[in-house]
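Listed in order, the protein sequences are those of chains A and B.
Last residue of the first sequence: 569 (this note's numbering), numbering continuous.
Last residue of the second sequence: 168 (this note's numbering), numbering continuous.
None of these hints come from the bench; they were simulated from the model.
In this text the structure is predicted, and so the values were computed from the model without any measurement.
Heads up, some of the hints might be wrong.
Derived lysine-lysine pairs resembling BS3-like cross-links, with alpha carbons at most 30 Å apart [to be verified]:
#, chain 1, residue 1, chain 2, residue 2
1, B, K71, A, K493
2, B, K71, A, K90
3, B, K133, A, K416
4, B, K98, A, K81
5, B, K75, A, K90
6, B, K71, A, K95
7, B, K133, A, K90
8, A, K81, A, K105
9, B, K81, A, K90
From the structure, some residues in chain A lie toward chain B, with a derived Cβ separation under 8 Å [unchecked claim]:
#, residue
10, M231
11, S232
12, S332
13, V404
14, L413
Even for Gly, the Cβ is constructed at its ideal location relative to N, Cα and C.
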Amino acid sequence: MEILKHAEKRTYGAIVIGSGIAGGWAAKEFCDKGIKTLVLERGRKVTHNEDYPTTLMSPWEFEHRGRLTQEEIAANPVVSKCYAFREDAKHFMVKDAEHPYEQDKPFDWIRGYQVGGKSLLWARQTQRWSQLDFDGPARDGFATPWPINYKDIDPWYSYVEHFAGISGNKDGLDSLPDGDFLPAYELTCVEKHFQTEMKKHYNDRHVIVARCAHLSEPREIHDQQGRGRCMSRNLCQRGCPYGGYFSSNASTLPWAAKTGNMTLRPDSIVESIIYDEQKARAIGVRVIDAHTNEMVEYYAKVIFVTAAALNTNAILLNSKSHRFPNGLGNDSGVLGKYVAFHNYRASLSAEYEGYLDTKTEGSRPTSGYVPRFRNLYKQETNFLRGYAAGMSAGRGTHADQNSVGESLKHSLLNPKLNTNWNAGSHMMGETIPKESNQVRLDPVKKDAHGLPIMHMDVSYDDNDDKMVQDFIDQFSEMYHKAGFKNIRTRDTKQAPGLDIHEMGGVRMGADPKNSMLNKWNQLHAVNNVFVTDGACMTSTSTQNPSLTYMALTARAVDYAVKEMKKGNL
Amino acid sequence: MKMSSRRAWLKGMTLAALGTVAYYDLSAKSKPISLSLSLAEEDVLNRWIGGIIPESSVPGAVSLGVPTFVKTMLKDCYEPKAQQTFRAVLGQIPSLYKGDWSQASGPALEAFLFELEQGKHGVDAQKAMSTLKGLTIQGYVTTEYVMINHLNYQMAPGFWNPCVPVNK
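Given these sequences and hints, build the entire structure.
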């Protein structure tokens, strides 16, 4: 009887694993719909504003002015490669020793283990997918066809955009559908010049201002969340004191908490999902306390796995039972396979000698954006798919540092505008999911919590190399046509993972024989388990993926609750 | 409440909220600096830094506390080999200077620093000068005094003008 009572206490309507972008949305949607929801987060508690220790610090207050120490770099060869792992935000990122993994091939796994996950750290770029993106695998014969179309997700994009607050223009492009936008930030005059030149020289290359999750002009729904206008600090990775950008911490989690339906349990590492062979369904999860390693079980009618793409793979792979000896729902054998990412290797920079009587003032939290134009409507190149690109141009300042003494001091105190405008672009390339790009669990090695170490076996291929070259060639040509000078190109050859857009392994698809999830993000074989984070992605296209995870999550919760009410879950 | 005391209050509140679980160390600023320089070496370093960005009607690098920053950076952010090289050059500076180093200032000191930059006193001295100049500049332009009074630092500009005339 006592045992039963304890079990009842640990029983919820829904369990959400992870509190990042997708988990936060699952929590909000379940709680709004009246479902008692347990949100499990493996990291520590981070409450909006209370736990942003560096957010109000000025440059002079940082002992190393932002830099990492030699000791930190030596101890963190992986995460120290990440642009955000600096003195002001390193406390929001997983140190290498905290959660080791095996790189069968070079793979930089960048993680944020805390309430809010990487939603505190993301780049806040929010471009919609179009039908052209969903058509990719079927048209070009890779991966497996998406089981959904743009029209299935369109209303859910609008739904999450309205709540999150997305700034942007209605650009009227097939490749990047418009949404429910707050006012856009403007392009600089040299970005507008580039836009005009591209229109003049090409009929397929558009330059727009990138849509971003910043409150350029808050609406009533944002006031209700206690969020204010973005003040263009560009210190987002520290956590925003105004809630000016969307994060789980500033938005979905406090909203869910206000309903009284959410129980948030930090420091809770999910070991596995419990599958009941008799009931032929998942009944709960086993959780390891991050501090004591004590194991506790929690139960629910429905489970959302949104632990971030690769950790979602790990949880399912580790959820073994008589029915599923190779991981939960893994009848097809594709679990952990067809992992993909975004190719961010190439970039270029240049100068423009025009508009020299102008400059910018203040700052903005976004940049220009060139949506994908390669192979958009049909195959045109010697590689599959294509790339989008960032594009920005600004007029920086500099101080002549050639002298010493008073002359140097005068120069430092009176910086001058750069002679020319500086322009730059970076590629965001689609990679092709392949069976050989996969993650798996080590059969022997365990981490500090007794969980199997992950192996990452993910790499670029010939298609990626050709795409890098094409980006460099095309953008060099485009910059040249725009009259830009001193064009410099770069291929960093950075390892997969550093893009922090790892996806797949638990892909969606219509056919249970070669996919894990159906069109509702529901495991084909276990209908009360849903995956709506990056792990569900059948292909990657080129857009920053978080907005799509938000929309897929809200859509899947809506479906799950309807099914619960019908008694189907 | 003054800005500085408000900041201290906020820090205090944050630390109090964290309790004993210290994920980050905001007290780092008050930690003792230990490149373990002798007093004589400290003097040389200060004069060297003071030559790079001297005092005048506008405070220079030394009075704005840049030597502390330089030592912290050398200790924490440079390879031991670079630290050793720097330390060795630091010891040689007074003898490399033609004249009484303890009185070095003005154009004579500037001329000497220029020679160091040009490599006229050897590769190690050139590297040390480059390191020190870089750190002195970085430390100086990121002091509260310079950022607020000279560089128009705004943490939260809250506006964006994408294209304005230069002389506006």
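Right, here's what the structure says about each hint:
In summary, the hint linking B/K71 to A/K493 is not supported, as the alpha carbons are separated by about 35 Å, beyond the 30 Å threshold. Straight-line distance between C-alpha atoms of B/K71 and A/K90 comes to about 22 Å, which keeps the hinted pair within the 30 Å bound. For the proposed pair B/K133 and A/K416, the alpha carbon gap of about 20 Å is at most 30 Å, so the pair holds. For the hint pairing B/K98 with A/K81, the CA-to-CA distance comes to about 45 Å; that exceeds 30 Å, so the pair is violated.
A distance of roughly 20 Å separates the Cα atoms of B/K75 and A/K90; the hinted pair therefore holds under the 30 Å criterion. The hinted pair formed by B/K71 and A/K95 meets the criterion: a straight-line CA distance of about 26 Å does not exceed 30 Å. For the hint pairing B/K133 with A/K90, the CA-to-CA distance comes to about 27 Å; that is within 30 Å, so the pair holds. The straight-line distance between the Cα atoms of A/K81 and A/K105 is roughly 16 Å, inside the 30 Å bound, and the hint therefore holds.
Note on B/K81 and A/K90: the hinted pairing holds, with a Cα-Cα distance of about 26 Å set against a maximum of 30 Å. Checking A/M231 against chain B by beta carbon gives a least distance of about 4 Å; that is within 8 Å, so the hint holds. With 8 Å as the threshold, the beta carbon of A/S232 comes within range of chain B, its nearest partner Cβ sitting at about 5 Å, so the hint holds. Of the supplied interface hints, the one on A/S332 is violated, with its beta-carbon coming no nearer than about 41 Å to a beta-carbon of chain B, more than 8 Å.
This hint holds: A/V404 has a C-beta 5 Å from the nearest C-beta of chain B, less than the 8 Å allowed. The criterion of a C-beta within 8 Å of any C-beta in chain B is met by A/L413, whose closest approach is roughly 4 Å, and the hint holds.
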